[in-house]
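Residues per chain, in single letters:
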Amino acid sequence: AQKVTQAQTEISVVEKEDVTLDCVYETRDTTYYLFWYKQPPSGELVFLIRRNSFDEQNEISGRYSWNFQKSTSSFNFTITASQVVDSAVYFCALSNYGQNFVFGPGTRLSVLP
Amino acid sequence: GVTQSPTHLIKTRGQQVTLRCSSQSGHNTVSWYQQALGQGPQFIFQYYREEENGRGNFPPRFSGLQFPNDSSELNVNALELDDSALYLCASSLAGRATNHEQFFGPGTRLTVL
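In order, the protein sequence lines correspond to chains A and B. Letter by letter, the first sequence follows residues 1 to 113 in my numbering. Letter by letter, the second sequence follows residues 1 to 113 in my numbering.
Among the hints, erroneous ones may be present.
[Stated by the list, open to error] What follows is a list of derived Cβ distance ranges for each label pair:
#	chain 1	residue 1	chain 2	residue 2	range
1	B	Asp82	A	Arg50	30 to 36 Å
2	B	Leu93	A	Ala1	22 to 28 Å
3	A	Asn58	B	Gln15	32 to 38 Å
4	A	Thr5	B	Phe58	20 to 26 Å
5	B	Gln16	A	Pro40	27 to 33 Å
6	B	Gly14	A	Ala81	51 to 57 Å
7	B	Ala36	A	Ile11	27 to 33 Å
Read the hints as simulated data drawn from the structure, not as lab findings. Computed from a prediction, not measured in an experiment: that's the story for all the values here. Ideal Cβ positions, reconstructed from N, Cα and C, are used throughout, including at glycine.
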């Protein structure tokens, strides 16, 4: 069975602080895909990144960076110099190539001015 | 983008409901998710070329339709109180897979009294 755990339910930081959101996954598949989505207060999920299981390179996109480590089954997300607009619920998700897409419970990030 | 209607809906237990979604133009796959308050989205099912292509752990009273014109429906029969949730539609070019970036609509908030 596939499972995604996001142990941090809520995080509060002050603007300009760096913050890391943790994601740990479980799967028996050798081919799988990991995602991060952002859900702002408006409710619409916004795609941030997709990573396949064969690509362990870290990725940086502006203030966002992702660290994928198969050895620990983790796919962590770091926001550098956080801004108030980063306040949202962030979901990590896991998919195999079949018909199963599993979201974690989410981490609510509050960035205070 | 992906649109959903209605925005909000109130039903009573035992009734039936139909939620509608218009996929992003050109996308061949639509998925539906149920998101209870404070939780991550739960995969209901996916449709590809008007056929159900995968299903999560939801009973048969949850059913769907996909039409050739990029629109789709989620039908829920015999509503229960626990069906109260935000229902999200997502479209993609995934085909029979679930590993593609999905574009989400704003959701329909269903309340069952």
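Status of each hint after checking the structure:
A C-beta distance of roughly 31 Å is found between B:Asp82 and A:Arg50, which places it inside the suggested range of 30 to 36 Å. Between B:Leu93 and A:Ala1, the C-beta spacing of about 27 Å keeps the proposed range 22 to 28 Å intact. A C-beta distance of roughly 50 Å is found between A:Asn58 and B:Gln15, which places it outside the suggested range of 32 to 38 Å. Taking the beta carbon of each, A:Thr5 and B:Phe58 are about 22 Å apart, inside 20 to 26 Å as hinted.
The hinted range of 27 to 33 Å is satisfied by B:Gln16 and A:Pro40, whose Cβ atoms lie roughly 32 Å apart. At roughly 52 Å, the beta carbons of B:Gly14 and A:Ala81 sit within the given window of 51 to 57 Å. The hinted range of 27 to 33 Å is not satisfied by B:Ala36 and A:Ile11, whose Cβ atoms lie roughly 21 Å apart.
The structure fails hints 3, 7 (numbered hints given earlier, in ascending order).
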